[in-house]
Amino acid sequence: MKYEREIKSAFKISIPVMMGYSVLGFAFGLLLVSFDYAWYYAPVMSFFIYAGALQFVAINFFNLKAGLVDIAIASWFVNLRQSFYGLSLLKRFKKTGKLKPYLIFGLTDETYALLTTIKDDEQLKKRWYYFFLTAFNQFYWLVGSTLGALIGASVDFNTAGLEFSLTALFVVLCIEQYKNLKNKIPFLIGAFSSILAIIAVPSDKMLITSIFLSLFILFFFRKEVNKNE
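For the sequence shown, my numbering gives the first residue as 1, with consecutive numbering after it.
Be aware that a few hints might be false.
Heads up, simulated PhoX-like pairs for lysine-lysine below, C-alpha to C-alpha not over 20 Å straight-line [as the list claims (entries may be wrong)]:
(1) 119 - 91
(2) 65 - 91
(3) 94 - 65
(4) 12 - 2
(5) 126 - 95
(6) 2 - 125
(7) 12 - 125
Note that these hints are calculated values from the structure, not bench results. Note that the structure is predicted; figures quoted are calculated from it, not measured.
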């Protein structure tokens with residue numbers, strides 16, 4: 001197989017995401033059909049949108065019959081954090097060529113966490129390794145949401161609490177990053193910014209506020225942060 005090494009490495013590193021995405025995708029499929037939408041909306045949304053939290057929000061958009069402008073604005077705010085992730089991956093994606101559009105499209109919180117945690121293997125073709133890692137993660141979400149929708153169309157499920165699986169997965173990945181990096185200052189800044197944002201602003205604005213606050217602090221203390229690299 002031409003890219004056997006890249007495929008095996010990508011699959012191995014993506015297993016934790018498989019555990020989370022299959023469960024949460026399943027929950028999304030169940031929730032979708034519980035609002036009397038056809039099951040095939042789940043795979044279509046997971047293939048063309050693939051936005052995790054935004055897909056859950058989209059169900060409410062449909063029910064409220066929200067306008068396109070309202071949907072566009074809300075979607076922009078929900079996924080704004082991806083812009084900050086992308087900036088930090090410009091160097092990694094620089095030589096990915098025709099694969100870059102898909103890598104940008106498929107960038108999720110968990111994929112970003114893996115890309116910034118794993119140690120580079122010089123024997124791997126990086127752009128294909130990134131591609132297969134991203135594709136595996138989307139595949140897990142797609143399969144999970146499709147199965148959830150198909151089963152939910154015929155069996156009643158209580159979905160309470162399932163949405164927490166994605167949060168739990170991201171916490172685990174964050175812990176792995178903390179263990180692998182010598183510099184702990186960014187984590188302390190992130191924790192401080194998050195706590196302050198929780199106290200100071202409404203919960204729906206907490207994430208974007210904490211991101212901006214973290215960037216602001218990192219910018220002014222970048223010399224101190226760089227000393228600890």
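Right, here's what the structure says about each hint:
Note on residue 119 and residue 91: the hinted pairing holds, with a Cα-Cα distance of about 15 Å set against a maximum of 20 Å. For the hint linking residue 65 to residue 91, the alpha-carbon distance of about 41 Å lies beyond 20 Å, and the restraint is violated. For the hint linking residue 94 to residue 65, the alpha-carbon distance of about 40 Å lies beyond 20 Å, and the restraint is violated. Under the criterion of a C-alpha separation no larger than 20 Å, the hint pairing residue 12 with residue 2 is consistent with the structure, at around 18 Å.
Simply put, residue 126 and residue 95 have alpha-carbon atoms about 9 Å apart, close enough for the 20 Å limit, and the pair holds. The straight-line distance between the Cα atoms of residue 2 and residue 125 is roughly 11 Å, inside the 20 Å bound, and the hint therefore holds. As the CA atoms of residue 12 and residue 125 are separated by approximately 16 Å, the hinted pair is consistent with the 20 Å bound.
In this structure, the earlier hints numbered 2, 3 are contradicted, and the remaining ones agree with it.
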